[in-house]
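Undergrad: Given next are the chains, with one letter for each unit.
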Amino acid sequence: MGNFSLKVENFINIFIHQNGYTRVLEGLRNTLIIAVVGLIIGILIGTVIATVRVIPKYKLLPRILNGICGFYVSMFRGTPIVVQLLVFYYVLLPLMGMRVSGLQVSVLVFGLNSGAYISEIMRSGILSVDTGQMEAGRAVGLGYWTTMLRIVIPQAVKNILPTLGNEFITLVKETSVVSFVGTADLYLAFNLIGSNSYEFMVPYLVMAIIYILLVLIISLGIKIMERSLRKSDRRN
Amino acid sequence: MIDVINLQKSFGDVQVLKGIDVQIDKGDIMCIIGPSGSGKSTFLRCLNCMEDPTGGQIIFHGVDITDFKVNINIHRRKMGMVFQHFNLFNNKTVIQNIMLAPVFVQCQDLKNAKRTNARITFLNLFKKADKKQSLVPITTSKAQIKKEAHQNALSLLKRIGLEDKADVYPSTLSGGQKQRVAIIRALAMNPEVILFDEPTSALDPEMVGEVLDLMKALAKEGMTMIIVTHEMGFAREVANRVLFIDEGQILESGSPAEFFGNPKNPRLKEFLSKVL
Ligand SMILES: Nc1ncnc2c1ncn2[C@@H]1O[C@H](COP(=O)(O)OP(=O)(O)OP(=O)(O)O)[C@@H](O)[C@H]1O
Ligand SMILES: [Mg+2]
Chain A
1 MGNFSLKVEN FINIFIHQNG YTRVLEGLRN TLIIAVVGLI IGILIGTVIA
51 TVRVIPKYKL LPRILNGICG FYVSMFRGTP IVVQLLVFYY VLLPLMGMRV
101 SGLQVSVLVF GLNSGAYISE IMRSGILSVD TGQMEAGRAV GLGYWTTMLR
151 IVIPQAVKNI LPTLGNEFIT LVKETSVVSF VGTADLYLAF NLIGSNSYEF
201 MVPYLVMAII YILLVLIISL GIKIMERSLR KSDRRN
Chain B
237 MIDVINLQKS FGDVQVLKGI DVQIDKGDIM CIIGPSGSGK STFLRCLNCM
287 EDPTGGQIIF HGVDITDFKV NINIHRRKMG MVFQHFNLFN NKTVIQNIML
337 APVFVQCQDL KNAKRTNARI TFLNLFKKAD KKQSLVPITT SKAQIKKEAH
387 QNALSLLKRI GLEDKADVYP STLSGGQKQR VAIIRALAMN PEVILFDEPT
437 SALDPEMVGE VLDLMKALAK EGMTMIIVTH EMGFAREVAN RVLFIDEGQI
487 LESGSPAEFF GNPKNPRLKE FLSKVL
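Line by line, the protein sequences are chains A and B. Counting along the first sequence from 1, when you hit position 78 you're at 78 in this note's numbering, and nothing is skipped either side. Numbers given in this note's numbering equal positions in the second sequence, counted from 1, plus 236.
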């Protein structure tokens with residue numbers, strides 16, 4: 001036990017007096033940027049894909065678009081996110097002649113990846129909205145897209161908010177792999193602290209606690225949001 | 237006003253409407269009755285192309301609206317529709333439900349007019365003074381449109397005695413209230429005809445009356461209405477024409493007096509003996 005308190009002292013020393021905390025803060029910031037911006041991109045992409053996939057498919061164009069979206073979704077759901085990160089960072093973007101930072105690639109890949117997952121969530125959300133809502137919109141002379149945007153999607157989003165919250169938690173946890181492309185995240189920060197002291201027990205323990213706290217805080221936020229939404233169902 | 241010519245509709249291999257011919261004039265109150273599954277809803281939904289007919293024509297003011305090239309949204313503005321399950325927009329308050337389409341449609345027209353004017357102004361730059369095209373007159377603004385729609389919605393709500401419900405969400409209304417709001421939502425577009433698909437079938441018995449009363453009032457004002465219903469009393473009292481549809485065909489049609497008093501088709505006789 002004396003050994004452990006020595007390790008803790010050691011960690012605190014590096015964390016506070018040797019500026020370890022700045023690295024941790026930077027990692028935390030990057031983690032949150034990737035998760036939040038990734039989620040926003042994901043929601044945008046996911047909504048577009050989901051909408052395309054529920055369009056009636058009488059005509060050729062919707063069918064082609066549907067095929068493309070289907071391919072996109074199966075690509076991003078069918079490969080590990082680490083592989084996607086590596087492919088974008090070392091293969092695709094260099095081939096396209098673009099040089100971007102690890103953080104930018106991470107945001108991009110997390111956005112594209114969550115777009116694929118969110119499109120499925122959003123699709124089930126759209127399908128859960130009573131078809132009568134679309135019919136009523138069309139019957140008063142609104143177009144398909146107008147009705148979709150103003151009537152159906154807002155209701156779909158409300159239905160899937162809890163699931164979107166879970167997707168956000170998943171994103172936060174998955175950011176722990178972005179160091180594969182050199183992005184300074186929480187893992188890299190604590191790994192560095194560990195390397196400096198040749199001691200990993202306490203750093204990784206603290207890292208785990210930070211992840212747990214993050215997830216707890218987000219879950220709490222989701223609960224509060226759900227409760228206020230449920231209230232608005234019965235507002236007078 | 238509406239000419240239905242040899243209207244047909246199939247779902248896959250199943251032919252639901254087998255050639256329907258009927259003419260609807262301004263001011264007509266036409267009730268459609270028939271057994272379950274006979275194609276009444278399908279017929280009604282074909283009239284505003286909620287279902288695309290697979291054959292025949294629907295001529296509305298001289299335009300065949302079954303043609304894919306016509307912009308159906310424009311024509312639907314003039315054909316209101318009331319559903320069995322109300323279908324009020326759940327994410328909008330009562331007054332937003334009523335205002336949404338009128339405001340949207342008028343703002344769209346306004347935007348188009350402005351765009352046209354911008355184009356004309358631009359082209360005029362290159363024209364001689366005597367050849368300049370004049371602008372489309374714009375007499376309204378977005379704020380004006382919203383204000384008028386709001387006033388109109390409020391007076392419609394007042395008419396059905398629900399002005400105190402303007403800002404609540406539909407989920408808090410009773411069935412009868414929902415259906416009456418749905419009817420004035422259709423009215424807010426100033427339609428020339430309103431299609432009703434079993435407007436009282438999903439209501440508790442004590443609420444049927446209030447909805448039928450509103451429909452009667454509309455009928456008195458001369459609104460053209462096409463009503464699929466199981467309310468024989470209502471059909472007899474309010475309609476000027478009654479249609480009997482069975483297996484996708486009109487088997488009998490006539491004034492309520494002869495239709496109910498002296499039915500000729502054996503299937504209609506049988507049907508009436510069951511429901512009356
Ligand atoms: N979207 C659809 N796809 C396939 N079949 C359909 C569809 N809509 C209706 N049908 C079929 O068409 C037939 C007529 O249906 P419709 O809803 O028009 O009957 P209805 O006269 O309105 O009956 P009800 O009094 O029960 O409302 C039924 O056999 C029904 O199964
Ligand atoms: Mg029906």
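A portion of the hints provided could be inaccurate.
Said to hold, decoys possible - Derived BS3-like pairs (lysine-lysine); straight-line CA-CA distance at most 27 Å:
#1 B:K382 / B:K350
#2 A:K158 / B:K328
#3 B:K305 / A:K57
#4 B:K456 / B:K314
#5 A:K59 / B:K456
#6 B:K382 / A:K57
#7 A:K59 / B:K305
Because the hints were derived from the structure by calculation, they are not lab data. Just so it is clear, the structure is predicted and the values come from calculations on it, not from any experiment.
Undergrad: Next step is simple, just say for each hint if it's right about the structure.
TA: Outcome of the hint check:
| no. | hint | result |
| --- | --- | --- |
| 1 | B:K382 / B:K350 | holds (17 Å) |
| 2 | A:K158 / B:K328 | holds (13 Å) |
| 3 | B:K305 / A:K57 | holds (18 Å) |
| 4 | B:K456 / B:K314 | holds (19 Å) |
| 5 | A:K59 / B:K456 | violated (44 Å) |
| 6 | B:K382 / A:K57 | violated (36 Å) |
| 7 | A:K59 / B:K305 | holds (14 Å) |
Hints 5, 6 from the earlier list are contradicted by this structure; the remaining hints agree with it.
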